[in-house]
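These protein sequence lines map, in sequence, to chains A and B. Positions in the first sequence are counted from 1; adding 12 to them yields my numbering. Positions in the second sequence are counted from 1; adding 13 to them yields my numbering.
Any given hint could be a false lead.
[Unchecked claim] Pairs of lysine-lysine residues, derived as BS3-like cross-links and limited to a Cα-Cα distance of at most 27 Å, are as follows:
#	chain 1	residue 1	chain 2	residue 2
1	A	K335	B	K238
2	B	K139	A	K207
3	B	K238	A	K224
4	A	K335	B	K161
5	B	K161	A	K336
6	A	K335	A	K207
7	B	K104	B	K162
8	B	K139	A	K224
9	B	K174	B	K104
10	A	K336	B	K139
11	B	K182	A	K336
12	B	K182	A	K335
13	A	K336	B	K162
14	B	K161	A	K224
15	A	K207	B	K104
16	B	K182	A	K224
[Stated by the list, open to error] Pair by pair, the computed Cβ-Cβ distance ranges are:
#	chain 1	residue 1	chain 2	residue 2	range
17	B	L190	A	P135	49 to 59 Å
18	B	G163	A	L329	28 to 38 Å
19	A	E144	B	Y60	20 to 30 Å
20	A	V117	B	L164	28 to 38 Å
21	A	W225	B	Y59	52 to 62 Å
22	B	D125	A	T59	51 to 61 Å
23	B	Y60	A	D38	33 to 43 Å
24	A	N149	B	D105	38 to 48 Å
25	A	N331	B	R107	40 to 50 Å
[Stated by the list, open to error] Here are some of the chain B residues that sit facing chain A, going by a computed Cβ distance under 7 Å:
#	residue
26	N141
27	P144
28	K161
29	G163
30	L164
31	L233
32	I237
Source of the hints: derived by calculation from the structure; they are not laboratory data. Virtual Cβ for every residue (Gly too), placed ideally from N, Cα, C.
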Amino acid sequence: MISRILDSKTKNTISRAVEKRSLAQDRRSAYKSTFFRVILQAALLLTMLILLVLLVSVFLNGTDHILSRLGDFLNGTMRSRSVDEKLGVHQALYGSLWIVIIVAVCAFPLGIGAAIYLEEYAPENRFTAFIEVNINNLAGVPSVVYGLLGLALLVNGQIFGLDRITGGRSTLSAGLTLAVLVLPIVVITASEAIKAVPNSLREAAYGVGATKWEVIRTQVLPYAAPGVLTGTLLSVSRAVGETAPLILVGAVSGRLGPNPGLFEMSALTDKFTALPLVITSWTQQSGRDVGFTAAAAAAIVVLLVVVLVVNSVAIGLRNRFEKKRG
Amino acid sequence: MADSTELIIERERGSTIVSDISSSHDEAAFEVAEDVLLRAEKVNVYYGDFRAVKDVSLDVRQHEILALIGPSGCGKSTVLRCYNRMNDLIKDARVTGTISYRGVNLYDEEVDPVEVRRRIGMVFQKPNPFPKSIFDNVAYGPRVAGQKKGLSEIVEISLRKAALWDEVKDRLNSSALGLSGGQQQRLCIARAVAIDPDVLLMDEPCSALDPIATARIEELMQTIKKDYTILIVTHNMQQAARISDTTAFFTSDVETRNDTRTGILVEVGPTENIFSNPSDERTENYVTGRFG
């Protein structure tokens, strides 16, 4: 009897000890997971904070122009003095908008076409693999190098004499240079999107007698569309923000022609500027004339709005395609 | 010879498989017995250097359900995919031997695989509806074949054949992806029959479905059998015994030298013979559950 009681007592202590230990372990891993959660949250918060500081400071600096004379600022031109009433970003806005349009018109069809060929038609051999590796490398080439290419081919017209079409240092040259710059990005993202199309969809379409082109047009492309759009969105944002290649193909920060309308086609082959350049130039001039700091901040706001508009259009389109895909 | 050529002409729907059923095929056509629709002769399938299927010769008669059974990896799906040239889509896949359909060798140079697939339809293992509406799924085949009018009739007829019409008639324009697995598979059958094929290939059509959905599809196969010839790959021996008229048993031949497995056709015969009185020991072992 006594031994039995002792037995049950020891049992109890043993089981309690086990419980305690397992509880302690739980607590430790709970601490660990809380710790990591806090670190991750901090990372996110820091990122948001940096962005917030950036945005707030830019907006605060730019309020003078944005709030009180937005119309004049958008219609105005480059001036040598910051207090000039006609100071504004019209030429820069014109340049940036046309660069976006030229990039969209040239790089998207070309890049998406190349991606379709690579993924759907190209034979799987060393040559194709070589091309793919090179496209990946091209995406990593510094943008200045593309600027040099644009300078040689489009501005100076070496080899093909293309300067007769582009007008040398012009919006057209800049747009084409940036189109070449983003081309690898478009090809890579479109390829990835096409790769992600489930094979069962292709088989289903082939199974009811679709030809290769019909399978691509009616199944592969609609399914890949959201991914392709994400890539094009990325590339447009990149093109709008690029500065270095534009300097090389001859963007100027003064002595531009008269103010062109936003859709003045003939101005495409004239001397040009773009928003990132105006921002750079005004920031440089702020040492001489402090008023340019505010002007640069306002130009940054305009650039951000342009990027935002382009992005929301692309996101809207992407969501529509995704909804369709179901 | 005259008979089978006529048959092909009879079934013409705007286009023939080859532009000219010329005299080169006459001899082959002559040999084909009247009710043999598909005849595979010495079919070998290679993936690169690897031989996946060895010397399969198999006749399929019109309006029968032929079940292809056998253990995993015995090449039955590979054989099935030869009949509508689906293996063309796999890189490195190569088919030798002949498969004749109404006397025409499907692997003849002049034969367009797209036309083959319009006559020999396929239902896949996993339901794979297009991410489109129910209507567009069924109408897809007729549309790519160039048909623009009468699509709603075709869709209704096909959905009725697939025993799905009553469940979806009020929501033809909603997404096919909202259907249950069994409904999706019946939709895939409707999509396959919408192009009015001659033969239906079914690659384990019920393996992703529950028993109730499976029973519905088996029932459906019995009713559409009068219009089509059906080849079905199945892992489920009871299913083969329940639904098929003829059963072909495949197994894999292990090459001990380099440990490669090649699929071979062991025997083919009326289903009740295969299950009750098989002539080959390997078949008996398999159908009685002793291996595989």
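Checklist entry - What hint numbers does the structure not satisfy? => result 1, 3, 7, 9, 16, 17, 21, 23, 24, 28, 29, 30, 31, 32
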